[in-house]
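Trainee: So you can see what is in the structure, the chains are spelled out below.
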Amino acid sequence: MANSLISKMGALRIVPVIFTQPSRNTTTKHYIPKFKKQRAQKYLKVELPDPNEDFGSLSSSKIRQKMKERGILPPRPWMERPFYLSATGGVFEPYVPPEGDGKASIVSATRAKQAVELLEKKSKSMMAIRKIKSFEEEFDQKEFVLQAQDTYIKAHESLANNDKKALRIYVTEKAYPEFRHNSHSKTIRWKFIESLEPPRVVHARCTDVISKENIFGQVTVRFHTRQQLAVYDRFGRLLHGSEILSKDVLEYIVFEKHLSNLYGTWRIHDKIIPDWTPPKEPSKLTRVMPEPEPEVVESTQTTESAVTTPELSEKPAAPAIAN
Amino acid sequence: MNNFLKNLCIIGLKSNQLKSIHTSAPALAWSKTDNKPKRFLRHNNKIYPPQSPDEEPRPAFVCVQKTNIKYSPEKLWYIASFVRGMTVDEAIKQLSFVPKKGAIFVKEAILEAQELAVKEHNVEFRSNLWVAESFSGKGMVIKGIRRHARGRMGEVRYQFSHYFVRLEEGKPPVDYYKRNPQTPQQQLANWLEQMRKRKIINSY
Numbered sequence: 030m031a032n033s034l035i036s037k038m039g040a041l042r043i044v045p046v047i048f049t050q051p052s053r054n055t056t057t058k059h060y061i062p063k064f065k066k067q068r069a070q071k072y073l074k075v076e077l078p079d080p081n082e083d084f085g086s087l088s089s090s091k092i093r094q095k096m097k098e099r100g101i102l103p104p105r106p107w108m109e110r111p112f113y114l115s116a117t118g119g120v121f122e123p124y125v126p127p128e129g130d131g132k133a134s135i136v137s138a139t140r141a142k143q144a145v146e147l148l149e150k151k152s153k154s155m156m157a158i159r160k161i162k163s164f165e166e167e168f169d170q171k172e173f174v175l176q177a178q179d180t181y182i183k184a185h186e187s188l189a190n191n192d193k194k195a196l197r198i199y200v201t202e203k204a205y206p207e208f209r210h211n212s213h214s215k216t217i218r219w220k221f222i223e224s225l226e227p228p229r230v231v232h233a234r235c236t237d238v239i240s241k242e243n244i245f246g247q248v249t250v251r252f253h254t255r256q257q258l259a260v261y262d263r264f265g266r267l268l269h270g271s272e273i274l275s276k277d278v279l280e281y282i283v284f285e286k287h288l289s290n291l292y293g294t295w296r297i298h299d300k301i302i303p304d305w306t307p308p309k310e311p312s313k314l315t316r317v318m319p320e321p322e323p324e325v326v327e328s329t330q331t332t333e334s335a336v337t338t339p340e341l342s343e344k345p346a347a348p349a350i351a352n
Numbered sequence: 066m067n068n069f070l071k072n073l074c075i076i077g078l079k080s081n082q083l084k085s086i087h088t089s090a091p092a093l094a095w096s097k098t099d100n101k102p103k104r105f106l107r108h109n110n111k112i113y114p115p116q117s118p119d120e121e122p123r124p125a126f127v128c129v130q131k132t133n134i135k136y137s138p139e140k141l142w143y144i145a146s147f148v149r150g151m152t153v154d155e156a157i158k159q160l161s162f163v164p165k166k167g168a169i170f171v172k173e174a175i176l177e178a179q180e181l182a183v184k185e186h187n188v189e190f191r192s193n194l195w196v197a198e199s200f201s202g203k204g205m206v207i208k209g210i211r212r213h214a215r216g217r218m219g220e221v222r223y224q225f226s227h228y229f230v231r232l233e234e235g236k237p238p239v240d241y242y243k244r245n246p247q248t249p250q251q252q253l254a255n256w257l258e259q260m261r262k263r264k265i266i267n268s269y
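Heads up: the sequence lines are chains A and B, in that order.
My numbering numbers the first residue of the first sequence as 30 and each following residue consecutively.
My numbering numbers the first residue of the second sequence as 66 and each following residue consecutively.
FYI, nobody ran anything at the bench for these hints, they're computed from the structure.
Keep in mind it's a predicted model, so treat the numbers as computed, not measured.
Take these hints with a grain of salt, some might be off.
Mimicking DMTMM-like on lysine to aspartate or glutamate, the simulated pairs with C-alpha atoms at most 20 Å apart in a straight line are [what the hints assert, rightly or not]:
(1) A:313 - B:120
(2) A:300 - A:79
(3) B:203 - A:79
(4) B:135 - A:146
(5) A:215 - B:233
Chain B with its partners taken away, still in its complex shape:
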């Protein structure tokens, strides 16, 4: 059956080449278009209005994307959200201890963004940056075939993903995810308050 499938594909390719006048690049589906997201990088071109001297200077930022990584976007998302709200140095340090393939891409992207920020976006100190945005996106998907029992076919998805990162100048917020963590003293005080407020039924 494998042979049959192979023959099918080969015939498909051949006929495709015969049909079209341009027998070159368009034979490969993925080389037709650029297949790259464009909107995210447009943030780098935006020009903000001048500020008056008494205003707080607007923090600089850079956007960088890594496109068409051979990695699952779902798996990449975990790493992307892991570095969110960290300083650049901390993110790079942490990522070098994440034993996942995606961590390498994320680290590369952050380092690239850091370099770009210093070179082109008037950031003075390379360590004075934090990961303000970090997320993954779905790239191209190439579908393969696998064989199932009783002459059936299954689909295999070879997924590619994009990674987007925005570094902002300055210190990261203390509580990025707004979890509002309480100190042990606060927890104790809350607990005591709660215990004192409770009503004992049928007491009075």
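Extracted from the complex, chain A is given alone in its bound form:
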């Protein structure tokens, strides 16, 4: 009997795939297939919308057809580009901090070269400050420097408090995105402890933009301060720095003012990072290293044509996204 059982079960091995795969046993089919059509006619055909439709993958002609169906007009092409005139887009003739903050050996080649250049630059700075004084009579370097430090502290505090409105007062439109970069959904704890050396003006420049009367002034101030910084991520886990450690910071900050504007103010515009700065501290956040991308193997023409065809077919889809 055992033999016969085995032989019976053995037949199971040859059963087609349909029966070995999991499948439904129940059926919704009616037992009389004769009136199938009439039964279907009981339902009024409703066109269901597809809410998760991917318009990016549709061809432009298909999208045009769909928009016609729904009676939607194509969007107007918007060719305007906003630009801002009350701040310049960069630093002109940026200050080059001397090698090792002026403490490098006099014998070094770069130091010697910089010393020669410095003379020429100093006279230009003097001229620029004279020009600033022609617009702003009470401009005094000693007072300005204190005001600059106040702006510097307030700008950083408003960044730490996530106060966007206040930040706009202390920072130019060019520096604003640079300030806010990477600060999204993070908690910043920043503290200004003391100024190690009194801040001083090291560089000044003036430029006109568009017309001769439209003048911008830029003043670079050297800060040597002691600060504390700790950055936490969304879940309150420490990403960078520490709240108990303070560090000495040497910075060259560019302040800008629209001199022609009666209501212009001195705002932080940029930061000059010298090439001799020590390398940045690595982030405490560790990540899995991404796998290297597979190398493209040089192949024959037949495969190349196969590769290029999807690109061609994708091209009509590109304006579709714009729609």
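Place chain B on chain A using the hints.
Mentor: For chain B alone, coordinates are given in the frame of chain A:
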């Protein structure tokens, strides 16, 4: 009668278009609003206060939703509760063997959440996640008409559903549903205890 119903609908559409000034999109009821739940994704924007170094680091989490799936929310619920409390890898493995339409959506949502966690929410290892929350919701319902005997009408509901998932960093709890399962030894000990405690009536 079918023709009559069709005519009714067509007239309704036409008059609607004539009445309104904007004859475009609002003619279709479903394109009026966004029809998407918004509250669940707001959890992703919440910023927690910093922790001191001696505290246990707060586990990261991500919320992801899939909206307006053409599937019944009741059917989706079974799949949603099936993956609850599993690790991500286990959930994906199990879902690929569930022969239901909804399993595909759930799997997609979990994979999307996993990707998001690694990219934007500072999760280091993509496998170090578990399904902390998983549930379905009711989406839009489009009502159709079907014909009944004696000139009556019936309503057909074309249902759409939402799926919500929250992945949390770390290992899943051992007993997610708090069923408190006992080992065979514990069961035997309990049984013995119970048998010994019983009172034989009229014995003493």
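Trainee: Quick one, are residue 135 of chain B and residue 146 of chain A close enough, alpha carbons at most 20 Å?
Mentor: Cα-Cα ~72 Å, so violated.
Trainee: Does the structure keep residue 313 of chain A and residue 120 of chain B at a Cα separation of 20 Å or less?
Mentor: Since the Cα atoms of residue 313 of chain A and residue 120 of chain B sit roughly 17 Å apart, the hinted pair holds (cutoff 20 Å).
Trainee: Verify the proposed pairing of residue 215 of chain A with residue 233 of chain B, using a straight-line Cα cut of 20 Å.
Mentor: Holds - the C-alpha atoms of residue 233 of chain B and residue 215 of chain A are around 19 Å apart, at most 20 Å.
Trainee: Taking only the CA atoms, is the gap from residue 203 of chain B to residue 79 of chain A under or equal to 20 Å?
Mentor: 16 Å, holds
Trainee: Mind checking the alpha carbons of residue 300 of chain A and residue 79 of chain A for me, to see if they're no more than 20 Å apart?
Mentor: With Cα atoms ~51 Å apart, residue 300 of chain A and residue 79 of chain A exceed 20 Å; violated.
In this structure, the hints that do not hold are numbers 2, 4, in rising order.
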